[in-house]
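Asker: As a plain string of letters, each chain reads:
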Amino acid sequence: MSGERTAIVERGSRTSIVVRGDARDVRFVRAMAAATGLEPPVAPGTTAHHLLDAVLWLGPDEWLVVSETQPGHALASRMQQALQGLHAAVIDVSDARVVYAVTGAHARDVLAKGCALDLHPRAFSLGQCASSLLAEVPVLIHQRSAEPCFELYVARSVGEYVRAWLRAAVREHLHASGGSSP
Amino acid sequence: MFDRYSIFSLARNALSSHQNWPRAWRNPAPRRRYAAIIVGGGGHGLATAYYLAREYGIRDVAVLERGLIGLGNSGRNTTIVRSNYLWDASAQLYEHSLKIWERLSREINYNVMFSQRGVLNLAHDAHGLRELRRRVEANRLNGIDSEILSTAQVQRQVPALNCAPDARYPILGASFQRRGGVARHDALVWGLARAVDALGIDIIQHCEVTAIRQAGGRIIGVDTSRGPIDARTVGVAVAGHSSVLAHMAGFRLPLQSHPLQAFVSEPIKPVLDTVVMSNTVHVYVSQSDKGELVVGAGMDGYKSYSQRGSFPIVEATVNALVELFPSFRRLKMLRQWAGIVDVAPDASPIISRTPVGGLYFNCGWGTGGFKATPGSGHVFAHLLATGEPHPLGEPFTLDRFVTGALVDEHGAAAVAH
Amino acid sequence: MLLIPCPWCGPRDETEFTCGGEAHIVTPRAPEDLDDEAWGEFLYLRTNPKGRCAERWVHTHGCRRWFNVLRDTVTERILTVYEVGARPPQAGDD
Amino acid sequence: MTERNRLEAGGRIDRSHPLEFRFDGRSLTGYRGDTLASALLANGVHLVGRSFKYHRPRGVLGIGAEEPNALVQVARGAQTEPNVRATQLMLYEGLEASSQNRWPSLAVDLGGLADLASSWMPAGFYYKTFMWPARLWPFYERAIRRMAGLGRAPAAADPDDYDHMHAHCDVLVVGAGAAGLAAALAAARCGARVILADDQSEAGGQLLGERYEIGGRSALAWVSGAMAELRAMSEVRVLQRTTITGHYDHGYLIGCQVFREPGQPDPVGVPRQRLWKIRARRTVIAAGSIERPLVFPDNDRPGIMLAFAARAYCNRYGVRSGSRVVVVTACDDAYRTALDLAAAGVGIAAVVDLRPSGSGHLPRQVRARGIEVLIGQRIVGVRGRARVEALRTQSSAGGAIREIACDLVAMSAGWIPSVHLFSQARGELQFDERLGVFVPLGRLENVVCVGAARGTASLRGALQDGFFAGQVAAQACGLAGREEAQDIATVEPEEAPLDWRGIFGAASLGGRQFVDFQNDVTVDDVRLAVREGYDAPEHLKRYTTAGMGVDQGRTGNINVLALLAEARAEAMTTIAPTTFRPPYQALSFGAIAGALVGPLHAPTRKTPMHDWHAGRGAVFENVGQWKRPRHYPSAGETLQAAVDRECLAVRRGVAIADVSTLGNIDVQGPDAEAFIDRIYCTRMSALGIGRCRYGLMLRQDGMIFDDGIAARLGEQHYLVSTTTAGAASVFAWMEEWLQTEWPDLRVYCTSVTEHYAQIALSGPRSLELLGPLVDIELDAMPFMSMREARVAGVPARVFRLSYTGGPGFEIAVPAGRAYELWTTLFGAGERFGIIAYGTEAMHVLRAERGFIMVGHETDGSVTPGDLGFEGRLAMDKPFIGKRSLRRADLLRLDRKRLVGLLTQAPDCVLPEGAQLLDEPIDSPQSAAPVAMIGHVTSSYFSAHCARSIALGLVRGGQARLGDTLYAWVDGRAIEVTVTAPRFLDAAGKYAYG
Ligand SMILES: Cc1cc2nc3c(=O)[nH]c(=O)nc-3n(C[C@H](O)[C@H](O)[C@H](O)COP(=O)(O)OP(=O)(O)OC[C@H]3O[C@@H](n4cnc5c(N)ncnc54)[C@H](O)[C@@H]3O)c2cc1C
Ligand SMILES: NC(=O)c1ccc[n+]([C@@H]2O[C@H](COP(=O)([O-])OP(=O)(O)OC[C@H]3O[C@@H](n4cnc5c(N)ncnc54)[C@H](O)[C@@H]3O)[C@@H](O)[C@H]2O)c1
Ligand SMILES: Cc1cc2nc3c(=O)[nH]c(=O)nc-3n(C[C@H](O)[C@H](O)[C@H](O)COP(=O)(O)O)c2cc1C
Ligand SMILES: [Zn+2]
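Protein chains in written order, with this note's numbering: chain A, 1 to 182; chain B, 183 to 599; chain C, 600 to 693; chain D, 694 to 1686.
Bound conformation, chain A alone (with noise of 0.2 Å):
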C-alpha cells in the first residue's frame, strides 16, 4: 500500500461480452483462448488478463471479457465464430455497465462504507474480482492493481447514484489528503 492520493476516477463504459459456456469442455476453452488470447479462469472470482484485455469470472459458467483495445462488436463476432457449434453463448453487453476506478491509500475504506466484502489484501488479492452489492446496487469489483486500484463495474442506470455515493464516501480522505473525485 503506497500513500497515493485517494481518488474516485470514472472510465466510462468498456468493451465487455459475456461469456456462457462450459469451462470443462476443451473445445470451449481452446476456442475462447483462440478469440481472446485469454483461457477463461475456473476458480471462482479469478481473472486472466493480457495487456488491457481480461476475462473475468462471473460465475461457474459465465464470464466476462472486457477489452480496453477492442470494440465489442468485433471481439463479439470474432469470439462467436470461434464458438460456433458448441452449446456456448457470446453477448455482447459493452454498454450495459460503467466503470469507476478507486485508487490510492484509503481505496479500501471508501470501499468499506458501501460493501460487505473483505478487500484486506490477505483476502483479495491483486488480479481477484467478485460480484456484490455497493450501498444496495450490483457490482463487479476487479482489483486491478497493488496500488490499490480497484474497478468498479456498475449498470449504466445507477452510475450517476453510485458517482454520487462515491463523491460522498471519499470526502473525508479528500480533507485528509488532497485526492480527487469526479
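Treat the hints with care, since some could be wrong.
Said to hold, decoys possible - Just some of the chain C residues that point at chain D, by a computed CB distance under 8 Å: (1) M600; (2) T659; (3) R664; (4) V683.
If you are wondering where the hints come from, they were derived from the structure by calculation, not from laboratory data.
All of these numbers come straight from a predicted model, not from anything done at the bench.
C-beta atoms are modelled at their ideal positions from N, C-alpha and C, and glycine is treated no differently.
Given the coordinates of chain A, assemble chains B, C and D with the ligands onto it according to the supplied hints.
Answerer: Same frame as chain A, now just chains B, C and D with the ligands:
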C-alpha cells in the same frame, strides 16, 4: 365474578397500600380431561376460550401455554388495529374485530388502552394511489370508515412527515381510517386472561403440547410437558408454531414461519399522534403512550423459529423511517426484537377444520393478527362449539388451497400489519 | 446477518442471496393427472420444520447460482451446502 | 477556581484547556477531558433531571453507560438531541444542555405532583381505570402521554452526516480495559487481524478510575504501553469511542463510533457517528462490569451515587462529588472509595457496611485511617429532597436509628458482569451464588467473555483471562501463538465476600425504594405485581416496566429479579433474566441509515435520455427505482392537456417515447424453443425467425405475473421483453427454472436490459420518418417482426410493433448511442411535428386498444381467462401454471372478467380503483355491506375517442356486455355501460401476433 377494577377500587386499595389486590388469574394444575382444549396462550387462544365460555357456555376448558401467556406474537407486535382491508372477506372479519375492540375494555373490565388515533396508509406513486382508492371505496361500501387524504391533509395530520414533492419517494396521498389506532398489547392478553379465568377456565402455563393423540381419525387428547390431557375438541392457536403442531397431528399446512422484526426508540414527548404506514418504503410507526416510537420492520426472507432476525431488515426499515421523518435521525433505537410469524401464501388467516376430527386450527395471521384477536377468537369459538364455520370464517378454511379461492391480501393491498 | 457459504464464491453476507423456500419439493411429472387436492398440496403445503431444514438459496448478487442449504431454523447454524438435485447429506450431529 | 468541587490537582483532565458550557441556561466551566457529568459535579450541580413517572428530582448515579438518571437534552434546533447520558457526553466549548421532563423548571416541577399521588399510581394502575366513561379516554390518554416521554425530538431535519464501515477481523475484542487490552495484545502478537473497540474516550476501562498498579508501575502506564504496542501493529485497528451494541448471528457485530457530540462543530468533515459492521471470526467480550446499587428508602435522592463512580470522578476527573461522604456497602470494594476520597482530602463521615463483619484488608486500611466503620447495618432512609443531607441507619438487629449528616452517599452492592453482548448472541447465563449475579455459562462457539464481564474480580485475573483468551482466539484462526508467561504482578488486597442478600435488609421498611431508577419502579411495585400474578420475570418486567427504560435496567434488573425470587420465596437459581436484546446502547437512527438518506436514500435509475427529458421539462414519476417521464407539459399546461396533446400526436402524426426501462433477456441455446414455451402460456415455438409475439407469464398457481413480447432472433435464439417492474424478477425466475427444475435444458439466459436503450416511434407517420433513416426496407416488415438494421448509422434492432395499438416501431440500440439516436430521430421528426410522450399517454393509448397492463388489470389474483386470453392459451403444451387453471375456483363462470366501461357523460372520468355495483345505492352506511361486483382498473380521458374510457374487472363480465352498472365514486353512483374492452380499431388490424 371478580373484583372489578375501577377508580374506586384503586382508591380503596391505595388506602391499604395495595396489599389486597387478588391475582389477575389463577395458576391451576392441569386436570386429566377437559371438554375442550385450546393450545396457545396468546391473544387468539385466550379470546377463543373467552367466547367459548361467554357465548357458548362451554367452561370446561383449558388453555395450554408452552411458556408464559402473551409472550408470543401477542407480546411483540406493533399493536396496530384497523379494518381497512381490501377484500370483502377480510374487511368483514377485521371490522367484526374492530367493533369488539371499541367496547372491549369495558366488557372485560381491563383497560386495553385502545387508542383510536387513526391509521394512515401512504401512497408514493400512481400505483399506490390507485390501489388506495380501490381499497377505500371498497371499505366504505363494506360499511368501514375510510377516507382519502391529500398530501396537504396528510401534512396537517402529521407535521413531522416529509411531504416535500422532491422527496425520493414523495407522498402523493394517503388513506385514513380514523377508527383505527393502537392498543396496549400486554393489556389485551392479561385482560382476556383475567376474564377467562373468572369464567372458570384453566389457564395452564409452562405446559407444552408435545403430541396429539388420535383414535379413528379424530382427536382424543394431547400429551404435554405436564402429562396427558384428554379432550374431544382441541383448538390450536399457536401462530408461528402451527406447522409444528400440525406435524404432531400428521399433516402439513400451507404456512411458512418467518422472523418479523420491530423496534422502539427511546421515549420522547409526543411527536406523532397517528399511526403511519408506508408500503412502498416499508415501514409502519406509531408513538406509544409511554413515548417510544414503535416501529415495524419487514419480514426476513428465510424461515426461522429463533425469534430473532437479521440486522439488514432493521437497516432498511430505519432508512425508510428517516426518509419519511428526517427529524427522527437524532432519535435512538432502544430495543429491537422479533416474532415468529406464520404466513400463508395469500397472507390471509386460516380458521379451519383439519384432516383430524375434532382438531381445529386458527393460524396464518402472520404479520397482522393482533388487530383480529377478539374477532378471531369469536369466530374460532363458533367453529369449536358448533363444528361449523362461522359465516365470517367461511372464506378462510383450508379448502381454499384446494379450490384456488385464495384471499390474496398481499397481491393488491399488500399492507398486512 | 447470516454468513452463507456459497459453494462457488465462499462465505458472503445474507444480503447477497435470496431464499427460495423449502428444497426437495418435487414438481409432479404429470400435473394433469392430479386432482385439485393433490395439486393444491404440491402448490402450498410445506413442512416448515423447526430445526433442521433443507432450503434453496440463490446467490443473487454474486454468481447467480442456486444451491441447497441445510440450516437449523432454531440456531440459525448452517450445517452444510450442497448441489441442487442432490439428496440432503446426512450431516453429523451439529 | 470557579468549580468549587474541583480538586487542586489530579485527574486526567487537561487543565490547560478550560471550556465553557451551559446547563439549563446557567453558564459553567469545565476542562477538556471532562464529561458533562464530571463538569456538573465539579460545579456542585447534583440535581440534573426529573424521573420518568413521578418526576422525582434525580442526580448523577454512575459514571458511564450504566447511568439511568442523568439524561439531558443537548444542543438546540435541528441538532438537539434528547436523552443523552451526561456521563458519556464529552464536554466541548459552548455545549448547551438542559434537563428534561420537568415544567416549568428543574427545581420547581409541577409534574412532581405525581409523586404525591403516587399511592394511586402503582404498577399497572392505568389498566384498572380510565374505562368509564369511554368518551373521556382520549383526554386521559393525552394527559398520560404528556406526562411520560422524557426529552424532545428535534422539529427539523437532522443536518449532520453519518456513515457506515464494514470491517473484518480474526479477533474482535470488545472493551479496552485490562482484560481487553491483554486479549488484544495476545491475539495481535500472534499475527491476528484484531479490532479493539472501546466506548470510552481513552483506553483503560475501570483502571481509569482506580489507583492500581501493574508490575510495580501505575496501571495507567501499563495501559499506555499496551496501546502504543497495539497502535504500532499494522493488523490492529483500535476503535475508540465505539460502542459495540449489537451481536448478531454468524459473528456479525454492530458498533457505533462517535466523532462529534450533538451540537459540536465539525472542523474536519467527518461524520457525526459511524456505524461499524464487523464480521469477526472470534469475539472476546471484555466489557467489564457495572456496579450494583443498594435498595433502601429514598435511595434515588440526588447525592446518592455508585461507590466506584464517586472515586472515579475523583481519580479520573479530579472532582470531589461531596465534602462529607458516607460509603454504604455490601462488599469490600467500596472501601476503596473511602480510601481514595480520603486520600484526596475529602471528608469521610463513615463507612456503613451491611454485612455482619467487615474485617478484610480494605476495611482494616479504612479503620487505620481513623474512619468510622459501622457493620451489620440496614439503611432506613435518608434526609433531603433535592440533595441528600443525611443517611439514617440502624443495626440490622434493630435498635436506635442513627442519622449521619452527609452530602454524598456512595453505595455498592458489588458488580454485575456486562454479559449483554454474550447473551445477545444466545450465550447462556447462570446464577453465581457467590457474586449474586448472572455470569456466562461456559462459552459460545466463537465467543468468550473475559475479565469482569465473566465475573473475574481481580485485576490479575482479568489480565490472565485476557491474555489466554486472545491467544486461544488467534490460534483458532489458524495463527500460532507465542507461549508467553503472562502472569503479571498486581497489588490487590484480598476481599471478603459480598453479601448481596443483605442489600434488601430494609425492604420490609416500606417507603419508596427504587429498583429501577429510570422507570420509577419500586420494591412495592415488584411485590404488587407478584401478588397479582405477574410473577415471572418477563411478566413482571412488562407489568412494572422495570428494565424497559433508556438504560434497559443495566443497574436495576438484578435487584428486580432478586426481589422477585424473595417474593416468590424461591432460590435465585430458579429465576431466568429477561431477554437481552440489541442494541446494548441506544443507537441513533441516523447512524443506522448512514449515508443512504435524501437523494441517496435508494438507488435511482435513469435512462440514457434522462437529461433530454429533463431539459424538455418532463415531469418524472417513480417506477420502481426508475425515473420515467410521465408527461412533457408545455408552459402552464395541465397534465390532462399535455396527455391529450401527446396522445393525439401518436394517433395522428408521430411521437417518440423512451421505453428503455423495459426488461430484455437474451435466451439462447439448443433448447431455447422448449424453454420459452414452458415459460409463456402462449406458444412461442411457432414463431418464425424475425417474428414477435405477445405473451403472458404465469406463476405456478396460474395467476399472471408478467407480460411482454418475445422475438425470435434465430433458430435457437430469442429475445424476451418484460415489464419495467418485472425485469429483474422474470430474469431470476427463468434462471431458477433452468437451474433447479430443468437442468437438462441447454439454454443460457442473459439480461441485456442495461445494454440496450429502447425508443418507441408511434403514429401513422412513423414509417415516413424512420424509412429514410434505416438501411432496410421498412415496408416489407410485417407487423410484429424484428430486423437488425442501422438507424442513422447506429446498429439497432428495429421492431415493428407498438404498445399503443397503432402503427409504430421500437428501436433498440446500445445504450451508449441512444441519446445520439434519440436526438437524430427527434430532429428528423420535427417536420412531422414530432413530440415526446410519457408514461401517462402510453397508458391511455394502450387502454384505447384494450391492452392490459400488469399491475393495473392484474393484482396477483387474475388469470389469463379473466382477461379474455383463454383463446390464446396453448393448452396442448406444458407451461408453468397450466395445471392450476383447472382448479375449481378458476373455472367459476362468475369470475371477474375484463370489460370496457363507458360513462354516460363523455367527460366523466371514473377514478381508477372505483368499485362497481349492480344497483345504485344512496349511502353505504345504510346499505352496508354492499355487494361489489368489480372495480375500475384503468380509466382515462381519451382525446382520440373524445370521451372517457375505462377498463374494469367485473364479475361474470363476459355475459354482461351492454348492461348498466354503477361506479361508486365519492358517495355517488355513476351509471356505466359494459362494453368490450377495446375502444379503437375493433377490427384488430394492429393486434399483437
Ligand atoms: C413484530 C411484529 C409486529 C406485528 N405487528 C402487528 C400489528 O401492528 N398489528 C397486527 O394486527 N398484528 C401484528 N402482528 C401480528 C400479531 O402479533 C399476531 O398475528 C398475533 O399476535 C397472533 O396472536 P396469537 O395468539 O395467534 O399468537 P401468539 O401470541 O404467538 O400465541 C401463540 C402461543 O402459542 C404458544 N405455543 C406454541 N407452541 C405451543 C405448544 N406446543 N404448546 C403450548 N403452547 C404453544 C406460544 O408460546 C404462544 O404463546 C405483528 C407481529 C410481529 C411479530
Ligand atoms: N473489586 C471488584 O469487585 C471488581 C469487580 C469487577 C471489576 N473489577 C476491576 O475491573 C477491572 C476489570 O477489567 P476488565 O477489562 O474486565 O473491565 P473494565 O471495566 O476495566 O473494561 C471494560 C471496558 O469495556 C468498555 N465497554 C463496555 N461495554 C462495551 C461495549 N459494548 N462496547 C465497547 N466498549 C465497551 C467499558 O467502557 C470499559 O472501558 C479490573 O481492574 C478489576 O480489578 C473489580
Ligand atoms: C408495543 C411495544 C412497545 C414496547 N416498548 C418497549 C419499551 O418501551 N422499552 C423496552 O425496553 N422494550 C419495549 N418493548 C419490547 C419488549 O421489551 C420486548 O423486547 C418484546 O416484548 C419482545 O420480547 P423479548 O425481547 O423478551 O423477546 C416493546 C414491545 C412492544 C410490542
Ligand atoms: Zn456465489
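Asker: All hints are to be evaluated individually against the structure, with a verdict given for each.
Answerer: Evaluated hints:
1. M600: Hint holds; M600/C Cβ to chain D Cβ min 4 Å, cut 8 Å.
2. T659: holds (7 Å)
3. R664: Interface hint status for R664/C: holds (7 Å vs cutoff 8 Å).
4. V683: The hint holds - V683/C has a Cβ within 8 Å of chain D, the shortest such distance being about 5 Å.
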